[in-house]
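With these hints in hand, go ahead and build the complete structure from the sequences.
If you want the building blocks of each chain, they are given just below.
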Amino acid sequence: MEKPVVRLKGVTVEYDGHSALKDVSLTIYERDFLGIIGPNGGGKTTLLKVILGLIPPTHGTVEVFGKKPEKTRHRIGYVPQAADFDADFPIQAGDVVKMGCLKYLKFGREHLPDCMKRSESVMQQMGIWDLRGRMMGRLSGGEKQRVLIARALVTEPEILLLDEPTASVDSRVQSTVYEVLSQLNQSLAICLVSHDIGVISAYIKTVACLNQQLFYHGEKEISEEVLMQTYRCPVDLIAHGVPHRVLKRHG
Amino acid sequence: MELLQLEFFRNALMAGFLVSIACAIVGTYVVVNRIVFITGGIAHAAYGGIGLGVFLGINPVIGAVVFSLMAAFGMGTVSYNTKQRIDTLIGVMWATGMAIGIVFADLTQGYTAGLMSYLFGSILTISRLDLALMAGLDVLVVVITILFYVQWLSISFDPEFSEIMGLPVKRFYLLLLSLIALTVVMVMRMVGIIMVIALLTIPPAIANRFYTSLKGIMVLACLLGIVFTLVGMLISFYLNLTSGAMIILVAGVAYFLSLKIKPRGKRNQTP
Chain A
1 MEKPVVRLKG VTVEYDGHSA LKDVSLTIYE RDFLGIIGPN GGGKTTLLKV ILGLIPPTHG
61 TVEVFGKKPE KTRHRIGYVP QAADFDADFP IQAGDVVKMG CLKYLKFGRE HLPDCMKRSE
121 SVMQQMGIWD LRGRMMGRLS GGEKQRVLIA RALVTEPEIL LLDEPTASVD SRVQSTVYEV
181 LSQLNQSLAI CLVSHDIGVI SAYIKTVACL NQQLFYHGEK EISEEVLMQT YRCPVDLIAH
241 GVPHRVLKRH G
Chain B
252 MELLQLEFFR NALMAGFLVS IACAIVGTYV VVNRIVFITG GIAHAAYGGI GLGVFLGINP
312 VIGAVVFSLM AAFGMGTVSY NTKQRIDTLI GVMWATGMAI GIVFADLTQG YTAGLMSYLF
372 GSILTISRLD LALMAGLDVL VVVITILFYV QWLSISFDPE FSEIMGLPVK RFYLLLLSLI
432 ALTVVMVMRM VGIIMVIALL TIPPAIANRF YTSLKGIMVL ACLLGIVFTL VGMLISFYLN
492 LTSGAMIILV AGVAYFLSLK IKPRGKRNQT P
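Here the protein sequences come in this chain order: A and B.
The numbering of the first sequence is the numbering used here, which starts it at 1 and goes up by one.
The numbering of the second sequence is the numbering used here, which starts it at 252 and goes up by one.
Source of the hints: derived by calculation from the structure; they are not laboratory data.
Treat the hints loosely; a few may be bogus.
[What the hints assert, rightly or not] Once the Cα atoms are required to be at most 25 Å apart in a straight line, the calculated SDA-like pairs of lysine to any residue come out as:
1) A:Lys68 <-> B:Tyr331
2) B:Lys421 <-> B:Lys466
3) A:Lys106 <-> B:Ile397
4) A:Lys3 <-> A:Leu26
5) B:Lys513 <-> B:Leu500
6) A:Lys106 <-> A:Arg118
7) A:Lys117 <-> B:Val401
8) A:Lys71 <-> A:Arg109
9) B:Lys511 <-> A:Arg31
10) B:Lys421 <-> B:Asp389
11) A:Lys106 <-> B:Arg422
12) A:Lys106 <-> B:Glu414
13) B:Lys511 <-> A:Leu139
14) A:Lys106 <-> B:Thr396
15) A:Lys117 <-> B:Pro410
16) A:Lys106 <-> A:Met116
17) A:Lys9 <-> A:Gly60
18) A:Lys68 <-> A:Thr27
19) A:Lys71 <-> A:Arg31
20) B:Lys421 <-> A:Gly53
Just so you know, these numbers come straight off a predicted model, no measurement behind them.
The structure is reproduced here in structure tokens:
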């Protein structure tokens, strides 16, 4: 039996009276590759930030490695949306990757030199070594994405959380991103969120659907038939109860 | 060159030089963190302290420091915790601070015309004590920046990731706002509360167009600040115009001119 790494129980998040998440319960296990899809404003980013302890839930509990996320979140590799950053911000791609080493300022300075070396090999692995001196905001969407994934990997995470990893990336880059992720999945849990149903690639093991409430679909439904339909159907039409249904009705 | 024989002019030049250093460094953080409006709020809230200082008969600069620090902590705490509707709060503190200053000035008997100099600056009345305080602030700002350069860079770029990495993001944010508050009070002596934002933001904003590192922006912004204050002061002296306004005018013109210059593929500095 695999060990659970993240456990949410009855999590509700409310902002100014309206709720971003309603009674979400979710468990992520050691070798999971979970894809959470849902419309914009469905609470996907909020869910990731709750797991990271950046947003405290209004109700419910969050545990990461059996503890409060504030205590253990440095063991999570977080890949935020590449599009969220200021394009004029004066930072070079290499310095973004090295941000992953910052945690050793608090959690063991003796690991700092190793981490700096590791950041170089990770950059080579991700094919961004030649971009290290370029300004982050001047990179293409796919390049930024790889920089942010590299930054998360430098922290040697045990879980990887990705927010819209394939937005603004062409399909060729998308498949390389997924290949990298599925390799990583051999040693860590991955959870990604997206509004794009196309992310339900062959690599993802389980799919859940989030629109304030979480509908867990489990793994069986990703049959080839579902995938075929999935790729033809734009994600907005996955809203529950409309004719373009691609996943079965929630029980 | 007979100008340099005059002590007040030498002091003014020195002040321009010292203020440019603090402005360049703190201003760079203001620009890249997009907190220009918060900075404006802190500056205007400081006027309440000036009014109070005059009313109580103490040095108005002390009142300004207290008020601007209070405004910095107030806005910092609220903006850090909510991120929503912060602009409304800033606007309220901005105007309330000014109102407090004006009311205290009204309540003060006797001569209050000196209050105008805090609004529009009076570079030619800068004392040796002012210069010493400015130099002290420069040392503080430079030391903090050198010690925590990587942390400042990371927190400004991506505060959430920095928090996950265990950096004390909130403490750094409040420290930055406190430095802004102190810088604002220093710069206020030169160009006045109303134009403080310009001297903090214009030099880094121009420099940001040509450099891809915080360090590069800070150094270029510092040089630009020195040039703007020097040119502005000379023009104001020969044409007998308000020096603070002239400095800002020079900076503003330079900013709009810089928009015309195409950054030739930003200068890259390999680490």
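These are the hints, each one checked on the structure:
no. : hint                  : verdict
1   : A:Lys68 <-> B:Tyr331  : 21 Å, holds
2   : B:Lys421 <-> B:Lys466 : 23 Å, holds
3   : A:Lys106 <-> B:Ile397 : 19 Å, holds
4   : A:Lys3 <-> A:Leu26    : 14 Å, holds
5   : B:Lys513 <-> B:Leu500 : 22 Å, holds
6   : A:Lys106 <-> A:Arg118 : 18 Å, holds
7   : A:Lys117 <-> B:Val401 : 17 Å, holds
8   : A:Lys71 <-> A:Arg109  : 18 Å, holds
9   : B:Lys511 <-> A:Arg31  : 54 Å, violated
10  : B:Lys421 <-> B:Asp389 : 23 Å, holds
11  : A:Lys106 <-> B:Arg422 : 15 Å, holds
12  : A:Lys106 <-> B:Glu414 : 11 Å, holds
13  : B:Lys511 <-> A:Leu139 : 23 Å, holds
14  : A:Lys106 <-> B:Thr396 : 19 Å, holds
15  : A:Lys117 <-> B:Pro410 : 24 Å, holds
16  : A:Lys106 <-> A:Met116 : 15 Å, holds
17  : A:Lys9 <-> A:Gly60    : 6 Å, holds
18  : A:Lys68 <-> A:Thr27   : 15 Å, holds
19  : A:Lys71 <-> A:Arg31   : 22 Å, holds
20  : B:Lys421 <-> A:Gly53  : 15 Å, holds
In terms of the numbered hints stated before, the structure departs from hint 9 and from no other.
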